[in-house]
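What follows is each chain in one-letter form.
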Amino acid sequence: MGGVCSRKRDQLVNEDIIDRVVSGKYCKSGSSKWLGASFSRAAVDIEQGKRKCPSLMELCIYKIREDLNKYSTFSMLPRDISQQIFDDLVYSQCLADVTLEAFQDCALQDLSLGEYPGVDDFWMDFVSSQGSSLLLVDISGSAVTDSGLIHLRDCTNLQDLNLNFCGRISDQGLEHISGLSNLTALSFRRNNAIMAQGMSVFSGLVSLVKLDLERCTKIHGGLIHLKGLTKLESLNINCCNCITDADMKPLAGLTNLKSLQISSSKVTDYGVTFFKALHKLALLNMEGCPVTTKCLESLSALDELLFLNLSRCNFSDYGGEKFARLCTLKVLNLGFNEISDAVLVNLRGLTNLESLNLDSCRISDEGLVNLTGLQNLKYLELSDTEVGSNGLHYLSGLGKLESLNLSFTVVTDGGLRKLSGLSSLKSLNLDARHITDSGLAALTSLTGLTHLDLFGARITDSGTGYLRSFKNLRSLEICGGGLTDAGVKNIKDLSCLTLLNLSQNNHLTDKALESISGLTQLVSLNVSNSRITSAGLQHLKKLKNLKSLTLESCKVTANDIRKLQLADLPNLVNFRPE
Amino acid sequence: MKKEDTVKLISAEGFEFVIDKKAAMVSQTIRNMLTSPGSFAETEHGEVTFPEISTVILEKICQYFYWSLQYASGKETEFHIEPELTLELMMAANYLHT
Chain A
1 MGGVCSRKRD
11 QLVNEDIIDR
21 VVSGKYCKSG
31 SSKWLGASFS
41 RAAVDIEQGK
51 RKCPSLMELC
61 IYKIREDLNK
71 YSTFSMLPRD
81 ISQQIFDDLV
91 YSQCLADVTL
101 EAFQDCALQD
111 LSLGEYPGVD
121 DFWMDFVSSQ
131 GSSLLLVDIS
141 GSAVTDSGLI
151 HLRDCTNLQD
161 LNLNFCGRIS
171 DQGLEHISGL
181 SNLTALSFRR
191 NNAIMAQGMS
201 VFSGLVSLVK
211 LDLERCTKIH
221 GGLIHLKGLT
231 KLESLNINCC
241 NCITDADMKP
251 LAGLTNLKSL
261 QISSSKVTDY
271 GVTFFKALHK
281 LALLNMEGCP
291 VTTKCLESLS
301 ALDELLFLNL
311 SRCNFSDYGG
321 EKFARLCTLK
331 VLNLGFNEIS
341 DAVLVNLRGL
351 TNLESLNLDS
361 CRISDEGLVN
371 LTGLQNLKYL
381 ELSDTEVGSN
391 GLHYLSGLGK
401 LESLNLSFTV
411 VTDGGLRKLS
421 GLSSLKSLNL
431 DARHITDSGL
441 AALTSLTGLT
451 HLDLFGARIT
461 DSGTGYLRSF
471 KNLRSLEICG
481 GGLTDAGVKN
491 IKDLSCLTLL
501 NLSQNNHLTD
511 KALESISGLT
521 QLVSLNVSNS
531 RITSAGLQHL
541 KKLKNLKSLT
551 LESCKVTAND
561 IRKLQLADLP
571 NLVNFRPE
Chain B
1 MKKEDTVKLI
11 SAEGFEFVID
21 KKAAMVSQTI
31 RNMLTSPGSF
41 AETEHGEVTF
51 PEISTVILEK
61 ICQYFYWSLQ
71 YASGKETEFH
81 IEPELTLELM
91 MAANYLHT
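Protein sequences, first through last, are from chains A and B.
Quick note on the UniProt record's numbering: the first sequence kicks off at 1 and runs consecutively.
Quick note on the UniProt record's numbering: the second sequence kicks off at 1 and runs consecutively.
Only chain A is shown next, with the shape it has when bound in the complex (with noise of 0.2 Å):
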């Protein structure tokens, strides 16, 4: 089942450095990311970090940010050019309530200031200020209060305003946003005091477009407010379990809608009735409901659904052939389900699958033969089930796919073999403990692998060897102990690796740190409870692009990595020790 100890935590750094689009691998109550999990994760990539030349714009904001206080205004600026001063000074975190001054009249048109620190009602004054041609406020995880977005009823224009974890505001705020009837886009996550009597300003709210409620536990009765809101394309109230089969009825009528989630919602197979003349419905997310195949009978009619989300709903066998009209599906979630080979009969004609996740499913070898029609599939999630090296024998036609994910599966080197022709695969996770370094030679001929996920398997220095094949990877986990620095050699000249992970190979010496200092991709390394010492860091000098570094139960304190960071290494803000 998914990984103990620092694995778990490297997937969360990189999380930061994906910029939250997580792998879906370990997030196991990731139902708002999961459409991030559904697609190959060589497309979901780190910031390649090439230095490219600094534009005379950028050399010139740069400049500004130093002499700040020299600034007394910017309104003389054509409002384009002070709008990148201000989102400069932002993303620097140089901007404080002293130099909002300066912006007073830029009619500037986006304020984003999500999890900007410090941002409260003092700062709302200067957001009205901009007046009519605010088209965005984002001022998420702020301390602004309800009396402070009052300020907003001069924002007349406003077309896009995120309120996520805001956790002062309540029913009482809502109603200082009612006249906002331009508004296109709101948010609220997270929000615990907002209950159905506030949310009667939504029906205001007519060229609403997008409204995530994501998390809010008192919003039960609320949705009725909802009804007239015919321009509505995309809900979501995922991870609210207050919502009932009754919050589904006024969507009945939503028809613009192209997108719902209700994960982890009380919806059962009754509330979804309520979803049959949705006929431009795209998506729909119901991890963690309690509904039954029966529900598919509701979903049938809709022609347009592409992505459906059907994971942990404790699926089983029963009504399985209720699938097989699902023919318009591109994305599909099963994961974590009580269902067997069986299912995947009622599957043969979805041809159109591009994505298919089976994880934790009890599928084995003999189920995979009704894959063998759907020659779009790009993704396939095998992960934790009985699938083994016979399996892998019906995925060898699949020439489309890219991504493949076999993590704790018991599949054996002589399998491996199978895959050699998928030209087209970039992403492989092999992390499943009968892979030996046999494995990894039959798979020299997957040039255009970019990532390969080894964490678990039986690795050693002489399967390193075959790494270099694989000259165009970028993610690589070997993370099984059999690691020496003479393996780590061997590694050296993959020159487009941004992460490295090679955690728990305790015999790595700062030898290992030595071969891979001309790695200057590398934005990720891993290389937790080994031999290294602080001497060692003196060879990550050249990572200029390095932005996480793990290196818990070494002999490394976290100053000797604060002192690597002030002296070379400008980008790293996560390290461990910290």
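Honestly, the hints are just simulated from the structure, not real lab data.
Keep in mind it's a predicted model, so treat the numbers as computed, not measured.
Don't take every hint at face value.
Computed beta-carbon distance windows for the label pairs [claimed, not checked]:
1) B:Gly46 - A:Ser72: 38 to 48 Å
2) A:Thr99 - B:Ala12: 25 to 35 Å
3) A:Asp110 - B:Gly14: 33 to 43 Å
4) A:Ser445 - B:Asp5: 42 to 52 Å
5) B:Gly46 - A:Tyr62: 26 to 36 Å
6) B:Gly46 - A:Pro78: 24 to 34 Å
7) B:Asp5 - A:Leu100: 45 to 55 Å
8) B:Lys75 - A:Lys400: 38 to 48 Å
9) A:Gly465 - B:Glu4: 50 to 60 Å
10) A:Glu304 - B:Glu4: 56 to 66 Å
11) A:Pro78 - B:Gly14: 22 to 32 Å
Virtual Cβ for every residue (Gly too), placed ideally from N, Cα, C.
Fit chain B to the given chain A structure using the hints.
Relative to chain A, chain B alone:
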């Protein structure tokens, strides 16, 4: 420098800066002016006038062009900007798309 490889950039006050074409093309705006067929008179004479850009600023911009080519070839140095020039320089950079 051969004439075919150079362009002439003229400031508001009439000062002429003769620089390598390669340097001038660092600016997307100048690049478009010099390469698009027939739409600009500039292509014929290899001259561009900037009535809104002062001499001091235009000089600084030319310095930036050469600095940028040097940077791209691996020599990364600092580009110094006098504080009193910053705002004007920024507006010119915006116009020149550079």
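Here is what the structure says about each hint:
Judged by the Cβ atoms, the range 38 to 48 Å given for glycine 46 of chain B and serine 72 of chain A holds: they are separated by roughly 42 Å. Remark: the range hint 25 to 35 Å for threonine 99 of chain A to alanine 12 of chain B is upheld by a beta-carbon distance near 32 Å. Between aspartate 110 of chain A and glycine 14 of chain B, the C-beta spacing of about 40 Å keeps the proposed range 33 to 43 Å intact. A hinted range of 42 to 52 Å holds for the C-beta pair serine 445 of chain A and aspartate 5 of chain B, which are about 48 Å apart.
Between glycine 46 of chain B and tyrosine 62 of chain A, the C-beta spacing of about 33 Å keeps the proposed range 26 to 36 Å intact. Roughly 30 Å separates the CB atoms of glycine 46 of chain B and proline 78 of chain A, a value that falls within the hinted 24 to 34 Å. Distance hint for aspartate 5 of chain B and leucine 100 of chain A: a CB-CB separation of about 49 Å, consistent with the stated range 45 to 55 Å. A hinted range of 38 to 48 Å for the beta carbons of lysine 75 of chain B and lysine 400 of chain A is consistent with their spacing of about 45 Å.
Between glycine 465 of chain A and glutamate 4 of chain B the C-beta distance comes to about 53 Å, which sits within the given range of 50 to 60 Å. For glutamate 304 of chain A paired with glutamate 4 of chain B, a C-beta distance near 58 Å keeps the hint of 56 to 66 Å intact. At about 26 Å, the CB distance of proline 78 of chain A to glycine 14 of chain B agrees with the hint of 22 to 32 Å.
No hint from the list above goes unmet by this structure.
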